[in-house]
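Chains as they are written, first to last, in the UniProt record's numbering: chain A, 1 to 421; chain B, 1 to 421.
Quick caveat, the hints were computed from the structure, so don't treat them as lab data. Hints may contain errors.
Restraint ranges, calculated between C-beta atoms of paired labels, are given here [said to hold, decoys possible]:
| id | chain 1 | residue 1 | chain 2 | residue 2 | range |
| --- | --- | --- | --- | --- | --- |
| 1 | A | Ala-40 | B | Asp-404 | 21 to 31 angstroms |
| 2 | A | Pro-260 | B | Glu-33 | 48 to 58 angstroms |
| 3 | A | Met-1 | B | Asp-106 | 43 to 53 angstroms |
| 4 | B | Lys-348 | A | Thr-20 | 54 to 64 angstroms |
| 5 | A | Asn-76 | B | Gly-411 | 40 to 50 angstroms |
| 6 | A | Lys-357 | B | Tyr-267 | 37 to 47 angstroms |
For glycine and all other residues, C-beta sits at the position ideal for the given N, C-alpha and C.
There are 2 protein chains.
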Amino acid sequence: MGQKPITFIRQVVACVSDPTLLECDLYPSDVKERAKGILAACAGQSVGAYTMSHGIELIRRHVAEYIEQRDGHKANWQDICLSGGASGGIKNCLQLLCNHKIDGKDTAVLIPIPQYPLYSASLAEYGLEQVGYYLDEDHNWALDINELERAFTDGSKTHAVRAIVVINPGNPTGQVLTRSNIEDIIKFAQKHSLFVFADEVYQDNVYDKDSKFYSFKKVMTEMGAPYNKVELASFMSISKGYVGECGLRGAWMELCNLDPEVQAHLYKAISAMLCSTTLGQTAVDCVVKPPKPGEPSYELWHKEKTAILDSLKKRAQMIATFNTMDGFSCNVVQGAMYAFPRIQLSPKAIEAAAAAKKLPDVFYAFKLLEETGICVVPGSGFGQRPGTYHFRTTILPQPQQLQDMLDVFRGFHQKFTKEYS
Amino acid sequence: MGQKPITFIRQVVACVSDPTLLECDLYPSDVKERAKGILAACAGQSVGAYTMSHGIELIRRHVAEYIEQRDGHKANWQDICLSGGASGGIKNCLQLLCNHKIDGKDTAVLIPIPQYPLYSASLAEYGLEQVGYYLDEDHNWALDINELERAFTDGSKTHAVRAIVVINPGNPTGQVLTRSNIEDIIKFAQKHSLFVFADEVYQDNVYDKDSKFYSFKKVMTEMGAPYNKVELASFMSISKGYVGECGLRGAWMELCNLDPEVQAHLYKAISAMLCSTTLGQTAVDCVVKPPKPGEPSYELWHKEKTAILDSLKKRAQMIATFNTMDGFSCNVVQGAMYAFPRIQLSPKAIEAAAAAKKLPDVFYAFKLLEETGICVVPGSGFGQRPGTYHFRTTILPQPQQLQDMLDVFRGFHQKFTKEYS
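The following block holds chain A by itself, in its conformation from the complex:
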């Protein structure tokens, strides 16, 4: 999407890949020091060796330090597990819940609607039941505790509901949960003994001036007993944030309050896959321990990071344009990288979709793609309240391209509305 990589990360990855670069004058001294430290922590001082399945100890320790600075609370490095992308960690944790009945009931997991499809796909793969709770579009996609209770009660009729997935900042919905909303969710989870999956991969992507990211770990810890004993797995990735290194495959999860035997089982189960990529782990190290003021790479790193986050913020604001289009409503993109605008579709459009054997939002998205080349994902791919229509779009294109897209989109929508009015 035209976003330039962070120089520091790429230089460190290059150095550990080819340690002869440590002998040249190409790179700043802090890049070389970082690379040397990582190599020293690898078996045989080489990124070619397998690491422990949960990752290189040094990097797990750096992740724990990062979390401590973020939250102001202790993090145990032994509870940090690196993975090649957050998806892998999420799947490994979901798998803990499978093949087990409680009082003859199969296991179910609460997931938001709309949701990121990794969850529905993985639940299906593991034979787990999906119980959806609707996010509250009228309150900027917050979690409504009454709706959580409704979903839990419904799901419990046939299944043992044992976990809840929360995506904050939201994908595809772009909301940032308030602290009090998180507190309510934790109370709800504690009341029903639910394992909390906190998908917090967009924690660095908060644009709205009135919003702030609070980790579930921080809020839970500060709520004290009994809430600080809720079972939690929090996920973070280098594919998002200001980093966007999707292809390098680096991520981690922090496990809190798991039974030590369960955690040992999880660590044993992942060992069949040997380890995640050393170069992805290296990039994780650079993200959790970036250059400090005064170090040679600091200025450039700071400039690159700020430019990317400022631009994303600007683009998040540009998306408000949708609200100026007839029949559109779009919540503020407080965080993450997406907008999930709602569209009104006329009875005639819905009829035309049925004739084309497509869902109305899919019909709209295909028309948009075919007539303009703009690709959005229909809301039905994420789930939405019956009778409502949405699509997901992203703020990832660079500003001019995003503006061009919005202009073309407006023209298309006017034409579509006229055609099906």
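Knowing the structure of chain A, use the given hints to seat chain B on it.
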């Protein structure tokens, strides 16, 4: 284990990580050309972008060309799927078999005994039944068709046996299957409509002058109908061979004769994990398309490759030392990286093990570890015929270290034998 990385691979990985290296005079021109080609095949010309879930098209095409050169038969690049390690590909394919009953029977998979524990672990994870067939230790761990038929018949009493795993060259057993043995296995698979998992990750590791690696794909193709229609997945990795880049996480599988809808389902299922690491994929490209004679990197690449394979061959021969120890017998290490020697344990040793609440081979391995620091894996971890005892050791340590290990081992074994005689 002291093995030096192949320079060409590391230089290309460094270049794609930091493309400013393309502007310097550090690297040979073929390294830069390779890196440019890979970057051009990445979205946005960056290794930071996600790739298709089955990998970068250019690299899948290069893998297909490599297979064509190896086998002398057509390979379709669309049937090549890259993964972050062979383990991931193997698990994804095994998963195709789960959650499905035939005539009310759950699914079972034939696996060798001894076997690499990834298979038993993954089968357990997916709720698939493991049906073991014993490798024929008296014939250098070949597959005995009578034993395969016995296992199939036994397994079929309670389960639908739908696949067979073959590891060639063998892990932990170090054998290289003869062509006629492979033909017999294919006939057996065809007769019973079995999906063949050909774990061929050690295909470059053949040391015995009378042995040669034949891929299942090649043999099957040359057998003609109906054998060339057997469903097959063949797995290969950059963690083995002369490359040993375990930490970079690169691998591929070739799928043959799968129903197109099943293959489409497999490709859809893996998309939840997004993609394997671009830098691991880059290393795969270097392995399947190494420098050619006349290119600037060729001489060094050839020298490094030859030195590693020559040394592994020497070490494979050194392992024969076990046969000079009382109570030991060890088959020729024809290929792969392991030996699986058999040891005679005296009744007194077996009693002592029982008193220590350990299996006899585990008892022996712990004694060895505690008294010498040498770590071997007890045969019971891989499976062995009841009443026989083995352990797996590896030829990976450098020659002098391997010799030292063998000397210390001999001293330990003499002492152990005396103590428990």
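Here is how each hint holds up against the structure:
{"no.": "1", "hint": "A/Ala-40 <-> B/Asp-404: 21 to 31 angstroms", "verdict": "holds, 25 angstroms"}
{"no.": "2", "hint": "A/Pro-260 <-> B/Glu-33: 48 to 58 angstroms", "verdict": "holds, 52 angstroms"}
{"no.": "3", "hint": "A/Met-1 <-> B/Asp-106: 43 to 53 angstroms", "verdict": "holds, 46 angstroms"}
{"no.": "4", "hint": "B/Lys-348 <-> A/Thr-20: 54 to 64 angstroms", "verdict": "holds, 56 angstroms"}
{"no.": "5", "hint": "A/Asn-76 <-> B/Gly-411: 40 to 50 angstroms", "verdict": "holds, 42 angstroms"}
{"no.": "6", "hint": "A/Lys-357 <-> B/Tyr-267: 37 to 47 angstroms", "verdict": "violated, 24 angstroms"}
This entry does not satisfy hint 6, going by the numbered hints stated previously; all others are met.
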